[in-house]
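Student: If you read the sequence shown in the working numbering, its first letter stands for residue 10, the second for the next number, and so on.
Source of the hints: derived by calculation from the structure; they are not laboratory data.
Ideal Cβ positions, reconstructed from N, Cα and C, are used throughout, including at glycine.
Do not rely on the hints blindly, as some may be mistaken.
[To be verified] With a straight-line cut-off of 27 angstroms between C-alpha atoms, the simulated BS3-like cross-links for lysine-lysine are:
{"hint": "1", "residue 1": "K252", "residue 2": "K196"}
{"hint": "2", "residue 1": "K106", "residue 2": "K82"}
{"hint": "3", "residue 1": "K81", "residue 2": "K152"}
{"hint": "4", "residue 1": "K90", "residue 2": "K178"}
[Stated by the list, open to error] Here are the in silico distance ranges between beta carbons for each label pair:
{"hint": "5", "residue 1": "N226", "residue 2": "V99", "range": "49 to 55 angstroms"}
{"hint": "6", "residue 1": "S162", "residue 2": "A193", "range": "42 to 48 angstroms"}
{"hint": "7", "residue 1": "K252", "residue 2": "S142", "range": "50 to 56 angstroms"}
{"hint": "8", "residue 1": "V99", "residue 2": "D241", "range": "34 to 40 angstroms"}
{"hint": "9", "residue 1": "L225", "residue 2": "A78", "range": "31 to 37 angstroms"}
{"hint": "10", "residue 1": "I223", "residue 2": "S142", "range": "16 to 22 angstroms"}
{"hint": "11", "residue 1": "K228", "residue 2": "T75", "range": "33 to 39 angstroms"}
{"hint": "12", "residue 1": "E194", "residue 2": "Y244", "range": "37 to 43 angstroms"}
{"hint": "13", "residue 1": "A109", "residue 2": "I245", "range": "29 to 35 angstroms"}
{"hint": "14", "residue 1": "K228", "residue 2": "A78", "range": "39 to 45 angstroms"}
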Amino acid sequence: MLDIYCQLGLQSIKSSFKYNWLLKATLLVVIGAILFNIIVIGQASAGCVLRPVASVEKKQLLSLPTLPAEVKKMPAYEIVKILGVFDARVTRVQRIKRAAGLMVYTVQMPARTDMADYSPEDRAVFGAYNDPSRKYDLLYNKKGYLLAIFPHSKNSFLDLAPYYFNIPKIDDPTPEGKWSRFAAELKEDEALINAYNIRGRQSPFRDREPYIYIELNKKTGACIMKTFAPEDFLYILPQPSHKKHQIIIPLYPTVYSP
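Using the sequences and the hints, build the whole thing.
Tutor: Structure below.
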C-alpha cells in the first residue's frame, strides 16, 4: 500500500512539473535535503524511511565512568557511596575546553529512602549536598576520579579531590614522597574544578585541612592531634614509636574537626 502511495505521488509530481516552475525549484531543494540526510545522517531503508546511524560513542558517554579499582581503598569512595552516585541517570555529557581532561556529567539522582541505615555523620553529608531537584553536575578527571559534585539548585558544591589518596601507614618507609606526589596531583585537580566553577560557588569545607594525625601515648594517655593539608605533611612527619598509638585519618566534609 505504501508503494502505491509513493507511485501516485511521483506521478502527480511529474504531471505538475511541466507547468509549475516554483514546484521545480522546491522539488530540487527537497531532493537535495533528502540526499544530504541519506549521505550524512544515515541510509534510506524500504518504504522511504530514514534510519540514523547509531552512535556508539554517545551511548558509552551516557553512562558514568567506572571508578578505578584503587578508589575503593581511598576515603573518597565512602562519600561517593553515601550520595548514591552509582545509581544516577546521565542526561548530558560535556567536555570543558578550558580544562583539558575534565568531563562533566549532568545526572538525575534517584530518590533516597534508605538513609535510616546510615550513621548521623553519613546523613549529615547527604543532607548538606542533597538537591531537591536531584540534578547534579559530576566532574571527572582523566583518571576517572569523581572530583566534585555540583547540585543544580545550590550555591555550594562538594569537593572530593582531597580524598583520592591511599593513606600510607605510619611505618611506611617513604611517606614523604607519596604525600608530595599527591599534593601535586591535588593541585592539578583543584585547577580543573576552578576552571569549571566560573560562577564562584563555594565549598564550605574546602579551606579546611582534610587530614588529621592522632597520637596517643600508651602509658600516660596523653593525646596529640594535628590537622594538615597534603602539601604540609613534612611539618607533621610522624616518627613511628612502639610507645604510642599513631594514625592518620581523613576529616570528611560536615564532620567537625577535633
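Student: For each hint, tell me whether it holds in the structure or not.
Tutor: Do the hints match the structure? See the list:
Between the alpha carbons of K252 and K196 the distance comes to roughly 36 angstroms, so the proposed pair goes past 27 angstroms and is violated. Restraint check: the Cα-Cα separation between K106 and K82 comes to about 31 angstroms, which exceeds 27 angstroms; the hinted pair is violated. Between K81 and K152, the direct Cα distance comes to roughly 14 angstroms. Compliance with the 27 angstroms bound is thereby established for this hinted pair. In summary, the hint linking K90 to K178 is supported, as the alpha carbons are separated by about 24 angstroms, within the 27 angstroms threshold.
Taken as a hint, the range 49 to 55 angstroms holds for the pair N226 and V99, whose Cβ atoms sit roughly 51 angstroms apart. At roughly 34 angstroms, the beta carbons of S162 and A193 sit outside the given window of 42 to 48 angstroms. Taking 50 to 56 angstroms as the suggested C-beta distance range, the pair K252 and S142 conforms, at roughly 54 angstroms. Taking 34 to 40 angstroms as the suggested C-beta distance range, the pair V99 and D241 conforms, at roughly 37 angstroms.
At roughly 33 angstroms, the beta-carbon separation of L225 and A78 lies within the given 31 to 37 angstroms, and the hint holds. Here the CB-CB span from I223 to S142 is close to 39 angstroms, at odds with the stated 16 to 22 angstroms. A beta carbon spacing of about 48 angstroms between K228 and T75 contradicts the range 33 to 39 angstroms that was offered as a hint. Against the hinted window of 37 to 43 angstroms, the Cβ-Cβ separation of E194 and Y244 comes to about 19 angstroms, which falls outside the hint.
For the pair A109 and I245, the beta carbons lie near 33 angstroms from each other, so the given range of 29 to 35 angstroms is met. With their beta carbons about 41 angstroms apart, K228 and A78 fall inside the hinted range of 39 to 45 angstroms.
Checked against the numbered hints listed earlier, the structure breaks hints 1, 2, 6, 10, 11, 12; every other hint is satisfied.
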